[in-house]
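Now for the letters of each chain:
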Amino acid sequence: MSAVHQVCTFLVDGYLIGLSTGHVREVLRSQNITRVPLAPPAVSGLINLRGEIVTAIDLRLRLDLEPPAEDRPPMNVVVHKNGAMVSLLVDEIGEVIEVPEEAYEPAPEHLGGVWRDLIRGAFKLPDRLLLMLDLARAIDLNQATGGGQSAHTAPVALPHMEHR
Amino acid sequence: MTEQDNPLEGMEEVIEEFLAESAEGLDQMDNDLIALEADPANHELLASIFRTIHSIKGTCGFFGFSRLESVSHAGENLLSRLRDRELDFSQEIATVLLSLGDAVREMLTAIESANNDGKKDYADLVATLARLAEGPGRADDGAAHGERTSPVRPTAARSEGEPQAAAEIPPEPSAAAAKSAPAPDPTTTAAGLSAAESTIRVDVDILDNLMNLVGELVLARNQILAHSAIQQDPLLTGACQRLNSITGELQQDVMKTRMQPINTIWNKFPRVVRDLAKHCGKQVRIEMEGKETELDKSLIEAIKDPLTHLIRNAVDHGVESPDDRVAKGKSAEGCVSLTAYHGGGQVIIEIADDGAGIDVDRLREKAIALGMITTAQATQMPDQDICRLIFAPGMTTAKKVTNISGRGVGMDVVRTNLEKIGGFIELESKRDRGSTFRIQLPLTLAIVPALLVRSGKENFAIPQGGILELIRMNPDTPGSGIESIHGVPVFRLRGKLLPLIYLHQELNLGAAPQGDQALNIVVLQADTKKFGLVVDAIEDSTEIVVKPLCDLLKALPVYAGATITGDGKVALILDVLGVAKHARLLSEHQERFSDVDAASSLDDHEDRCALIIATTSDGGRIAIPMDSVVRLEEFKRTSLEHTGNRTVVQYGREILPLIELTDLLRERRRKPRLITSDKTSHTNDAVHALVYSVDECSVGVVVDRIQDIVEQCSATQGPPTRKGTLGTIVVNGKITEVFDIAALQREVSTMRKRPKRAAAVGEG
Chain A
1 MSAVHQVCTF LVDGYLIGLS TGHVREVLRS QNITRVPLAP PAVSGLINLR GEIVTAIDLR
61 LRLDLEPPAE DRPPMNVVVH KNGAMVSLLV DEIGEVIEVP EEAYEPAPEH LGGVWRDLIR
121 GAFKLPDRLL LMLDLARAID LNQATGGGQS AHTAPVALPH MEHR
Chain B
1 MTEQDNPLEG MEEVIEEFLA ESAEGLDQMD NDLIALEADP ANHELLASIF RTIHSIKGTC
61 GFFGFSRLES VSHAGENLLS RLRDRELDFS QEIATVLLSL GDAVREMLTA IESANNDGKK
121 DYADLVATLA RLAEGPGRAD DGAAHGERTS PVRPTAARSE GEPQAAAEIP PEPSAAAAKS
181 APAPDPTTTA AGLSAAESTI RVDVDILDNL MNLVGELVLA RNQILAHSAI QQDPLLTGAC
241 QRLNSITGEL QQDVMKTRMQ PINTIWNKFP RVVRDLAKHC GKQVRIEMEG KETELDKSLI
301 EAIKDPLTHL IRNAVDHGVE SPDDRVAKGK SAEGCVSLTA YHGGGQVIIE IADDGAGIDV
361 DRLREKAIAL GMITTAQATQ MPDQDICRLI FAPGMTTAKK VTNISGRGVG MDVVRTNLEK
421 IGGFIELESK RDRGSTFRIQ LPLTLAIVPA LLVRSGKENF AIPQGGILEL IRMNPDTPGS
481 GIESIHGVPV FRLRGKLLPL IYLHQELNLG AAPQGDQALN IVVLQADTKK FGLVVDAIED
541 STEIVVKPLC DLLKALPVYA GATITGDGKV ALILDVLGVA KHARLLSEHQ ERFSDVDAAS
601 SLDDHEDRCA LIIATTSDGG RIAIPMDSVV RLEEFKRTSL EHTGNRTVVQ YGREILPLIE
661 LTDLLRERRR KPRLITSDKT SHTNDAVHAL VYSVDECSVG VVVDRIQDIV EQCSATQGPP
721 TRKGTLGTIV VNGKITEVFD IAALQREVST MRKRPKRAAA VGEG
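Line order of the protein sequences matches chains A and B.
The first sequence runs 1 to 164 under the working numbering.
The second sequence runs 1 to 764 under the working numbering.
Bound-form chain B, shown alone:
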């Protein structure tokens, strides 16, 4: 077959398809090869690799890419002999087949850009493939090509490509069939057909556009809902509810079309780990769990580089050399494990190695040497906080640190890149046990839940991700006022000083609000820093569609974009980090970590946590650990609905089942039920619920009254008093029971076992 230079007119689409399929096949092949190295007897894997190369060869012959055809043909010969068990799989074969994959990739790239399979000559590769196809003994027999009949064969394959080689090898039905019939292998056909029938390829631009349109629809819906709330027309309300639920479902489904399994980037990693481990002379295996975890395409692209960086780091610096590992009593082979799962409306990715861990002492010394922390601070800081210093910008520039600790190169960049997309990274490291990086990401970037606040006449949106809590303070409440340190306002939040930023001052919005008004503080987390943003009013919590600002305004760091609110007006979205930086709360790294050590020195390393103090129906007090509560909600009693023997409430797009705390504690009732189907009693007041997420399903625990939120050690001081409690502690001088979350989990699982479904409507 001679080289065809004429462009393949009219075939662009077919070629595009071929390129996309081949690229996927090659990625799969890389992984199969690496798996095969571990399990050389696995026939399935070999068959899969064979199919990939075989179908590439068949198709490119049809298009007339002769170079590609001859290379893939040589590979196919080798693979068919392996498949027929005439040869044994070896490390060497794996390496050569991997480089075959690389060569094919190169040629595919050339086809994509220039419509021909490039000018590069792969004669060496073809020769190696042919030599290996010859069978074992070649290398062992040394230079002697002679004894096995053919110094001719490699050269023949080199100069003339496939005809010769094909003649040599016993006739393979599939290879021959490739020329005549497009569907040679029954397994290929079955798999190929079903995929082709149930899926179609769609241009990403179309999906992006669809997403934008849905965004518009969400905005229009918000406007109509806002309008219908004023109108009080039952007909309109009904139609609006339908519109609401359809829009919600549509949004979910369109978002699903943009979802990709994380495996699309993970499947590159076995190769990265294998090659890097070889290069460093280490033995590293990679384990992956949750490959099918899906997240938005734009996020997949954004996390590719940070993840690659973390994995390279884990192999390069985390895992020790085999000798060191054995000396430490570990197996010679190290392990890098990747885990991904959905939790709490977020995607969580963990990258763990079982290597040396971070040398905290050296890191501490370096941090002191770099002036990030003082010696006094360093001794007080727990190891966990010291480890966090590797994300600090100063750390990355210091060569010595990176050489010693091994970590830190570009960690700052990893962190900032993840934060840019609303993500969050933390690190856990144990000496000689390894390190685990934990990344939390939002599911999507385009539509986010946000809080609308007002300052002056302007509305602003704050993404919920950065919000810790809301505080509304009555000016009359004694002893809870705002104090100031040299003109800088601070607020005592559960005994700790919270720096305050006044939004109207930060944005030069003019006059301060009147002094007699209640004060609204939005407690925000920016990086490691907590601060309170004082706004005039808290308006609403809603889903917003993030729209980028035009280039003219990109230079303003305090905004993350803009959105259109229910009334059709434009509202700016505040960038929490940007606001903190603008207020100079986050200027230098010294300041950034001052928060950390202040907290740790006060804590005496106690296990402190925030506790919600609620009253029980028998007049007692119960403390509920706040870290497991997703949100605190207040529902109008009229909005509660009853299905069967269960009380539920519409909650966003979900149906939230409600359970009374009293029921969980099996209390004797001294008061009427809080949630009752009797609509006549207390129809006007509100029901307080703590929203939990149990097994990815929301559940509301209804409490009588929330008294306070305190921060203190939750280790129990007394034995459990009854079912559903862990024990008792003293809070503010009063004995308080501690709620046992396991009781809730038990209740939910029994709820699930009953036939009725209380799950989310649009399961996300």
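Looking at chain A on its own, in the form it has when it is part of the complex:
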């Protein structure tokens, strides 16, 4: 019984991060962004996606990583979640890969800070780890760095994918 997952991958500050292809609507080159003054820092701004207004979230800032370099325009991973469209800004788009269920493991308990909230687990690829992003949390900015931790206190460890 080897269920296979299709994962859309991308690079953020050297990390290989993945999202189930079901969530990803499309992938775009760098877009014109309108800044939103007073918005949370992770919100880069708004982009016009064929007449629809999409909020762009910078994954580097969301994951507490170094801010993106000025000279490298970010790529857009447009995702669909709970009726809202959000674009995740990443460094590079990777391939869509198929990974076996068995290669998945939940994130380690001692993963700290915002990562503990946002990374559900990892697929063990032959040469490196593919970190699976928790999309709902990643685009929920009200669940700030510290606030989310109280949500899962004990090692409940995200049973979500294990039982699939």
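Pairs of lysine-lysine, DSS-like flavour, derived with a Cα cap of 30 Å: (1) B:LYS529 / B:LYS457; (2) B:LYS554 / A:LYS81; (3) B:LYS430 / B:LYS268; (4) B:LYS723 / B:LYS734; (5) A:LYS81 / B:LYS297; (6) A:LYS81 / B:LYS420; (7) B:LYS430 / B:LYS291; (8) B:LYS569 / B:LYS420; (9) B:LYS636 / B:LYS457; (10) A:LYS81 / B:LYS569; (11) B:LYS420 / B:LYS554; (12) B:LYS297 / B:LYS420.
No lab work stands behind these hints, which were simulated from the structure alone.
Once you've looked at the hints, dock chain B against the given chain A.
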């Protein structure tokens, strides 16, 4: 007929239709009944009520909703006897028929949710209906059921439903026909058919989607127009103009599909007023004018609760008890009147009662007690401003005030709910004469006219509704600079201090613009407060499609949404109230009303108004009251067109006829005409026009030059000097004539009488 539990498979659409039609019919019936109470002899109304119940009965029998059928049948029996004038209409019958309507509604709701007509037993209602159908005398004869032959009948109707009762009543052609033929009553057929042929029911989702698509089209058009302006290709320009006008018409028509007459909510009110008046022991009649006034569906939904609240208030607290009214020399019956009409691109709704009005003195005391105003302020504030305090948030929480004044419960909520949809409410109240609430609403929410401004590198849109005026200030102009009070910038606008907010500071946009640039101030009205928003540049005025921000950004009060501009970029829409709150201009109610009393104490209660001072062609000065002017516009002379003997200009989607002020004043010309078909002369300069709205039609009055805008008392000091003027006043030490708007109205009406149409292209 036994109860059928099997779901009506494949009939969903028919049932949906039946539910919708019945619901409409019942609403109509409520109103007809109330009208019938006032005019019991009106046969038309009775026939209409009969038809409603009759068609419900017929259809539900077909579907097998036996409970509903038996209840409506009992009602039909009563109604048919009333219709045949075998019975007289009475208060009691009205009440029972109203509760019949409620019962049918309940069952329809059950059908909608559970596909069956519910479990509730309406035996009592059926019995009452049957008893009333028996004819008068029952109640008067006391307990005696006997003498009229039948203690059997009510019970029979109760236990077995219609067959028995139907047998009792002399055969009614229509009731019998209902079973056999679907179209019993010739009048029903005629009315029903024509409606069915000329209208279709459309899912609101489809209309919403259509509206979104049109919104996209408007944006695409804006982009193409912006592009074609650069290209200067005549072929493209022509095509663009066609695209422009078609898009405009399409937008209007799609908007029309979403329009509903205000009666869709008003028709509930006669019942509300009747029931509440009964409950309070008052006599109140409701009058409605402009039922057919249309506004967008989303707005209709949004104003339903505020309107209901205002009407309940008017009956509950506004209108006095019959005794009090008679003691005051008024008729015992009070009146709540609703008026709706379109004016100035807005919908205006008035709710007036002829009751006690607001007790201003008590309100004033309470406002002082609550610390909203000081005693000194209170004595200076005119009654009108005191009345406005009932919309203040603090007022609503104070129980005592609401008990005494009667008004104020949830008025704050009414106001905020209306403001949320871009509306505005004001109040006028006279002691013992009654109160009038006046609500102004935009026609639609989705597409709004807006001003695009720039601050730093960002463009922002400001809805036109909140904009009072634009000021561009040259830094070299002496004595018109910006002053500051302890670091807070203020600007002297016609002698009054206007607090200023710098947009780039408010939004943390970084460095201030260079000091040597001209300053652009957008004067905005937020709540009761006027303030100036300083921006780097004023870009354009355009129609924008409002798109909501995603949930992530909803928490930011300074934005009302976002839109896509002509160049395809996203621009944020500023929320005027939100910006004022963010700048702490509108934090507490004390501050909110400080503006009011400052103005009133300075004014000495004079009738001050803003006057536009323009030069006349003979070198004189004329003052034009600004409150009647919709906008000031500047047109390129090249854009003027001539049709027949009239000069017009394309203005938005309308054709704006232009009239020279000189012509209105019948002046002798010392200068060439300002608007002339001679294209060779002064082709480059601009024509200044004051845009008026006369009888819902725009008209431009062309003036030579606008000198100034002043604020002062417009009561004339000298007699009229000639036709078209009201008299003379002194403005800034110079004698100035005052323009008489009636002259313009006369001119427009004579213009209308001529065969030519100078009306709007896409009449809105």
